[in-house]
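So the protein sequences, as listed, match chains V and F.
Everything in the first sequence is counted per my numbering, starting at 46 for the first residue and increasing by one.
Everything in the second sequence is counted per my numbering, starting at 2 for the first residue and increasing by one.
Treat each hint with caution, since some may be false.
What the hints assert, rightly or not - Simulated pairs of lysine to aspartate or glutamate, DMTMM-like, Cα-Cα distance not exceeding 20 angstroms:
#1 233(F) - 442(V)
#2 346(F) - 136(V)
#3 95(V) - 80(V)
By construction, these hints were calculated from the structure, which means they are not laboratory data.
Fair warning: this is a prediction, and the values are worked out from it, not measured in the lab.
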Amino acid sequence: MKADGGIEGSTDSIESLRQDVRAWLRKNVPAGWRDAMTNVGQDSFVALQKDWFEKLSQAGYATPHWPEGWLGGGRSLAEQKVIFEEVARADAPRLILYFVALYHAACTLFECGTDQQREKYLQGILKGEIWCQGFSEPNAGSDLASLRTRAERRGDRYIINGQKIWSTMAQYADYCLLLARTDNSGPPQAGLTYLLLDMKAKGVSVRPISQITGDDEFAEIFFDDVEVPVVDRVGAEGEGWAVAQATLASERGLTLVELTQRMRYALPMLVNTMRERGCQDDPVVHRDLGNLIVNVDAACALADQYLMKRISGTEEVGDASIVKLCYAKTLREFSALGVRVSGLAGQYYSGFMRGATQETGNWTLDFMNSYNWSIAGGSNEIQRNIIAERMLGMPREPKGWQLAEGKA
Amino acid sequence: MSVELTELQDSARRVLDGAGLAAAEEAIWAQIVELGWLLVAVPEALGGLEAGIPGASTMHAELGRRLSTAPYLPAMLAVDAICQSDLVERDSWLERLVGGELITASLAECGIRANGNRLDGTSIGVQSADSASHILVWTACNDVVALVALDQQGVEIVARPTWDQTRRLFDVRLASVDLADQTILAEGADAGVLIQRLLAQRDFALAADAIGGASALLDLTVEHLQTRVQFKRPLAMFQALKHRCADMKASIAAAEAMLADGLRRVGDSLDSADARHKSMGAKLLATSTFARVAEDCLQLHGGIGMADEHPCHLFLKRSLLSEQLSGSANAYAAELALGLLANTK
Numbered sequence: 046m047k048a049d050g051g052i053e054g055s056t057d058s059i060e061s062l063r064q065d066v067r068a069w070l071r072k073n074v075p076a077g078w079r080d081a082m083t084n085v086g087q088d089s090f091v092a093l094q095k096d097w098f099e100k101l102s103q104a105g106y107a108t109p110h111w112p113e114g115w116l117g118g119g120r121s122l123a124e125q126k127v128i129f130e131e132v133a134r135a136d137a138p139r140l141i142l143y144f145v146a147l148y149h150a151a152c153t154l155f156e157c158g159t160d161q162q163r164e165k166y167l168q169g170i171l172k173g174e175i176w177c178q179g180f181s182e183p184n185a186g187s188d189l190a191s192l193r194t195r196a197e198r199r200g201d202r203y204i205i206n207g208q209k210i211w212s213t214m215a216q217y218a219d220y221c222l223l224l225a226r227t228d229n230s231g232p233p234q235a236g237l238t239y240l241l242l243d244m245k246a247k248g249v250s251v252r253p254i255s256q257i258t259g260d261d262e263f264a265e266i267f268f269d270d271v272e273v274p275v276v277d278r279v280g281a282e283g284e285g286w287a288v289a290q291a292t293l294a295s296e297r298g299l300t301l302v303e304l305t306q307r308m309r310y311a312l313p314m315l316v317n318t319m320r321e322r323g324c325q326d327d328p329v330v331h332r333d334l335g336n337l338i339v340n341v342d343a344a345c346a347l348a349d350q351y352l353m354k355r356i357s358g359t360e361e362v363g364d365a366s367i368v369k370l371c372y373a374k375t376l377r378e379f380s381a382l383g384v385r386v387s388g389l390a391g392q393y394y395s396g397f398m399r400g401a402t403q404e405t406g407n408w409t410l411d412f413m414n415s416y417n418w419s420i421a422g423g424s425n426e427i428q429r430n431i432i433a434e435r436m437l438g439m440p441r442e443p444k445g446w447q448l449a450e451g452k453a
Numbered sequence: 002m003s004v005e006l007t008e009l010q011d012s013a014r015r016v017l018d019g020a021g022l023a024a025a026e027e028a029i030w031a032q033i034v035e036l037g038w039l040l041v042a043v044p045e046a047l048g049g050l051e052a053g054i055p056g057a058s059t060m061h062a063e064l065g066r067r068l069s070t071a072p073y074l075p076a077m078l079a080v081d082a083i084c085q086s087d088l089v090e091r092d093s094w095l096e097r098l099v100g101g102e103l104i105t106a107s108l109a110e111c112g113i114r115a116n117g118n119r120l121d122g123t124s125i126g127v128q129s130a131d132s133a134s135h136i137l138v139w140t141a142c143n144d145v146v147a148l149v150a151l152d153q154q155g156v157e158i159v160a161r162p163t164w165d166q167t168r169r170l171f172d173v174r175l176a177s178v179d180l181a182d183q184t185i186l187a188e189g190a191d192a193g194v195l196i197q198r199l200l201a202q203r204d205f206a207l208a209a210d211a212i213g214g215a216s217a218l219l220d221l222t223v224e225h226l227q228t229r230v231q232f233k234r235p236l237a238m239f240q241a242l243k244h245r246c247a248d249m250k251a252s253i254a255a256a257e258a259m260l261a262d263g264l265r266r267v268g269d270s271l272d273s274a275d276a277r278h279k280s281m282g283a284k285l286l287a288t289s290t291f292a293r294v295a296e297d298c299l300q301l302h303g304g305i306g307m308a309d310e311h312p313c314h315l316f317l318k319r320s321l322l323s324e325q326l327s328g329s330a331n332a333y334a335a336e337l338a339l340g341l342l343a344n345t346k
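In isolation and in its complexed conformation, chain F is listed as follows (with noise of 0.2 angstroms):
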C-alpha cells in the first residue's frame, strides 16, 4: 500500500472513529465530501489521488468497520462513470460531485429497459435515493448509461424499508423517461464496457464493505468475551469460544486475501471478463462470511446480543443485506459454477 494511501486509511479511521457506529448520514457524507474520499479513484488528470480500485477499497473497507450509513459507494460508481466518459461537462460535472451533490445508483438488480428513446422499469436497491439530485441508471440490455435527474416527470421515489439500519434504499421507478433529456454516458457497445466495469466495481466494494465490517464485528466480540467472566473465568478462556473465534478469523483473512488478489491480479482491466468473475467470488465470498460472522458472533454475546442498545445486531442486519445486494450468494454461486462447467471439455 503506498504511503498516501496509508495516511488516508489513518485519517479515515480516525475520523470514523471519531464519529462512532453507523453515525448520522448526514453528518458522515459531510465528511466524506469534505476530506475529499470521493476522489480517490480519480485520475490525477482530473484532479483525483488515481489510487485506482485498491484505493477506493481501502476506503469501503474503513466505512464498512464503522458501518457507515452514507451513500458512498454509489456516489464513487457515478464519479468512476463520468471519469469514464467524454461527456463535454464532464469537469463541471465532478466539480458538482466533490462539491456535495449526490447521484445515486442501485446497488441490485438492473430493472430499467431502454425502449426507443424511452427509459422504463424500476431501479431497486437505490441508496439514499431522497437526498440525491441523479440516479446513474445502466439498461439490463446493457446499451445505455445515463444519468437521470430525479425531480422530472415520469420518475418516482419508493422508500423500501430495510431490516438493515444502517442503509436506507428506494425504488426508483421510470415511466417513458425521455432519453434525449438525460445526460448519456455511454450507448451501444461503450455501454456494455462501462457496466462491466460498474458491476465489477460494485462487487468489490461490496466485499471491502463486508470484510471491515466482519472484522470490526470479530474485535468487539472478542473484546466482549474477554470481559465477560461466567465460572470464575474470562469466556475467552474457554477452548469452544476460542477455536469459533480463530475460525471466523481465519475465513476473514481468506476473504481478504482473495479480495487483494483479485484486486491485483485485475489491475486497470475492470471491464474484462476476468474482473467479472473475480468480482462476484470476492463479493459472494467476503458478504457469505460476513453474514456467517455475524450470525455467530451475536451468539457468542449472549442475551446482550439480543438487545437493541447493543450494536451487535446493527453488523448482523447490514451483512444479512449485503449478502442479497448485486448479486445474491446463491445466484452468484450457480454463476460460479456455470462458468467452470463451460470451460470444462
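Isolated chain V (complex conformation) (with noise of 0.2 angstroms):
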C-alpha cells in the first residue's frame, strides 16, 4: 500500500483531487452558515441544506461513491476518503438531510435492488429527493431484530402497521427504508423485510421528537394500514435484515474519518473559550487539554487505519466497534472539557445550532448532542459487547432468561 491516498489511485492523482476539491469548497462553503443555523426555526436549516445539497451535487461531490456513470461517480475509496477529509477541513456544512437518500438508500438499492427499482428511485435522489430510515422502534432500540412492525402481504401489496422511531428528518422526507415483520414463528432476524415506503402515502403520520437541546431532528412515524406495492420490497420476504447491513455498511468508515477530523479542527474552539473565560494559563486546564489532544489525534489515527484497512481488504471483526466507540468517548470528554472551561456562562441559555454539528462551542448544547454517538448507530454497550464477544472471545450471556409473565 502507498504510503499516502491508498492503492486504488495514484498519490498524484490523489493529490491533484484533493486541491480540486479545496479549491472548490473555499468558493463554495456558504459563508456564516454557522451562525445562519443559530436560533433559527427548523425551515431555515432545510433551505440551507437543500442549498448546499445542489451545489455539491452539482459538482459531483455528493455521489463519488456511487458507480460510474453516475453524476461524480466511480470514485475509489481513497478518493471518497480525500473529498470527505476537505469537507471537514473546509468546516462545511453536513449534508445531514440527504445522508440517508445518497448513502444507505442509493446504496441498499445498487447492492440490493432492481433495476425497475434504480431507475425508478435514484434519479429522484440526484434531485434531492430526501429518504428517512425506519429500523428503530420504541421496543426494538439496541435489539433491533426484536421488531414489530407489521407487514401483511395481500395481493400485490403489504399492509403496514406500527411505529418507527428516531428517524433523522422524517418530517421532511419523501420515502423510508422500512424493515417490518412479515412472519413471527422463527427466530427473530428471519421473518424481516426491506421495503421503500412512500411517506405521501395514505396512514402515514409524522411527529417530530422535541429533543432535550431544543432541536427536533428525529421523529416517529406511525403506520396505519399503509399499502406498499410488492414490487417495492427490496430483496425476498424474510431477507430484510440482511439487506439492512448492506445499509448500515454503506458508509464505510467515511463518516467517522471526517467526523473525527472535524473534532481536531474544532479544538481552537475550546482554546476561545479558555481566553474568553481567562483560564488560558490554568495548569489544570493545560493538562486536561493536552490529555484531549492526543485522545482527539488518536481517534483521527483510528478512523484512517480503520479506512485505509477497507480499501486494503485487511478489515477485521471488531475494528468498526473500536473506532466507533473512540470517536464517542472522545467526542464527549471533547464536549466535557468544553463545559468545565466555560463555567457558569455556559449554563446561562443561548439557544443552539441547528443541524446536529458536534462542536458548536456552545459547550453544554455541544455535551448533549454527544449522546448522539454514544446511543445511535450502535450504542457504545453494543460495541463493547461485539468487541469482547467477538475479538476478545469472551462468551455471551446464556440465553434462555425469560421475562415474568405480564411484564412486557
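With the hints as a guide, dock the two chains, each given alone in a separate frame, to form the complex.
Below, the structure is given as C-alpha cells:
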C-alpha cells in the first residue's frame, strides 16, 4: 500500500483531486452558515441543506461513491476519503438531511435493488428527494431484530401497521427505508422484510420528537394500514435483515473519518473559550487539554487506519466497533471539557444551532448532542459487547432467560 | 509491514516467548546481540536492516510484551547517534556495539551541562549503567552530544532501585569531565538536530514498549477471566467485566493507531518539530494507557494479583515507571496544550 492515498489511485491523482476539492470548497462553502443555523426555525435549516445539496451534487461531490456513469460517481474509496477530509477541513455543513438518501438508500438499491427500483428512485435522489430510515422502534433499539411493525401481504401489496422512532428528519422525507416483520414463527432476524415506503402514502403520520437540546431532528413515524406495492420490496420476503446490514455498511467508515477530523479542527474552539473565561494559563486546564488533544489525534488515526484497512481489504471483525466507541468517548470528553472550561457562563441559555453539528462552541449543547454518537448506530454498550465477544473471545451471556409473565 | 520485518517480529516473539516474562537481563541481552536486533534501524550501507524507526518500534513492542529487562532502548539510541555522526571511527564503534559492548543513555530528563570544555551534572534514569562501557550524553542547552566512558575520573555511577523490577536505573554524575577526552558526536546546531532526533526516537520507543506491555497484560487478564469460575460461571461471562476489557482493548488500539500514524507521517524527518510533537503525543497516550490498563487488570485479577508470584504486578510497576520516563504524563500534556494555545490565533 502506498503511504498516502491507498492503493486505488496514484498519489499524484489523489493529490490533484485534493487540490480541486479544496479550491472548490473555498469558493462554495456558504459563508456564515453557522450563524445562519443558530436560533432559527427548522425551515431555515432545511433551506440551507437544500442549497448546499444542490451545489455539492452539481459539482459531483455528493455522489463520489456511486458507480461510474452517475454524476460524480466511480470514485475509489481513497478518493472518497479525500473528499470527506476536505469537507471537514473546510468546515462545510454536514449534509445530514440527504445522508440516508445518498448513502443508505442509494447503496442499498445499487447492491440489492432491482433495475426497476434503481430506475424509479435513483434519479429522484439526485434531484434532491429526501429519504429517512425506519428501523428502530420504541421497543427495538439495541435489540433491533425484535422489531414488531407488521407487513402483511395482500395480493400485490403489503399492509403496514406499527411505529418507528428516532428517524432523522422524517418530517421532511419523501421515502422511507422500512424494516418490517412479515413472519413471527422463526428466530427474530428471519421474519424481517425490507420495503421502500412512500411517506406521502395514506396512513403515514410523522411526529417530530422535541429533544433535550431544543432541536427536533428526529421523528416518530406511525403506520396505519399503509399500502406498499410488492415491487417496492428489496430482496426476498424474510431476507430484510441481510439487506439492512448492506444499508448500515454503506458509508464504509467515511463518516468517522470526517467526524474525527472535524473534532480535531474544532480544538481551537476550546482555546477560544479558555481565553474568554480567562483560564488560558490554568495548569489544570492545560493538563486536561493536553490529554484531550492526544485522544482526538488517536481517534483520527484510528478512523484513518480503519478506512485504509477497508481499502486494502484487511478489515477484521470488531474494528468498526473500536473506531465508533473511541470517537463517541472522545467526543464526550471534548464537549465535557468545554462545559468545564466555560463555567457558569456556559450554563446561561443562549439557544442552539441546528443540524447536529457536533462542535458549536455552545458547550452544554455540544455535550448533550454528543450522546447522539454514544447511543445511535449501536450504543457504546453494544460496541463493547462486540469487542469483548468477537475480538477478545469472551463468552456470551447464557440464553433462555425469560421475562416474567405480563411484564412486556 | 515488510516481509523481512514480519519475519523478524515472528522470530523475536518466538525467542522472547521461549525466554519467558522478565527473563534475566544477561540472557536477553546476549540474544539481542546474537540475533542482530541492534541493527534493525541501521542503514544497509552500514550493514543494517534499514527497517527504520517502524522496524525498531516493532522490536520495542515485542520486548515490551515480554517485560524485557535488557537495555535495548538506550543501546538503540547510541547506535543511531553513532550512525548519524561523521566520526572517523564510526564503523569500528558500530562493530563494538554489535559485538555486545553496551553504550547506555538516560531515559529521563537531561541534567548535563557543558561549561566551556567541561561536562557537569547528573544524568538520571540511565539504564543498566553498571554493565555499560559508555553513556551517550547530550546537554540541556542542546550544544553537545558525546559518548562518555564510564570508567574515568569524574564519573560516578549510583544505583537507584525502582519499584519496577524489570529495568535497572542509575544516576550518572559527571564532575568536570574534560570534553576533549570524550568522543564528540555532534556540536552546536548539529547537536540540537541530533538531540531532537534522539528524543523523538526515545518517545516512540517508550510508546511501542508500553503498547506491547498493555496488549500482553490484557491477553493475560482475559485468559484469567476465562478460566476463573465463580458463581458457577467463568468471570469472562459477566458483562460488567467484559465491558472493562472492551474499553481496554479499544484504548490500546487507539494508542497503537496513534503510534503507527505518527511514525508514518514523520517518516525520515525525525528531527522535525512535527516529529517531536507526534512522538510526545504517542508516548503520552501509550504510557498512560498502559498505566490505566495495568491498574484495572490488577483489580480484575482479584487476590492473586496481589501475590508476588503472579506477574501482574510486574506489568503494573513497569507501566508506572514508563509513565514518568522521558517527559512525565503531566508535563507532556501541558506542553501539547501550550503548543495548541500558541498556534491558535
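(message) Against the 20 angstroms threshold, does the CA-CA distance of residue 95(V) and residue 80(V) hold or violate the hint?
(response) Distance ~17 angstroms between residue 95(V) and residue 80(V) Cα, so the pair holds.
(message) With the threshold set at 20 angstroms, check whether the alpha-carbon distance from residue 233(F) to residue 442(V) stays at or below it.
(response) 13 angstroms, holds
(request) Measure nothing beyond the straight line between the CA atoms of residue 346(F) and residue 136(V); if it is 20 angstroms or shorter, mark the hint as holding. (result) Holds, at roughly 17 angstroms.
Of the hints listed earlier, there is not a single one the structure fails to meet.
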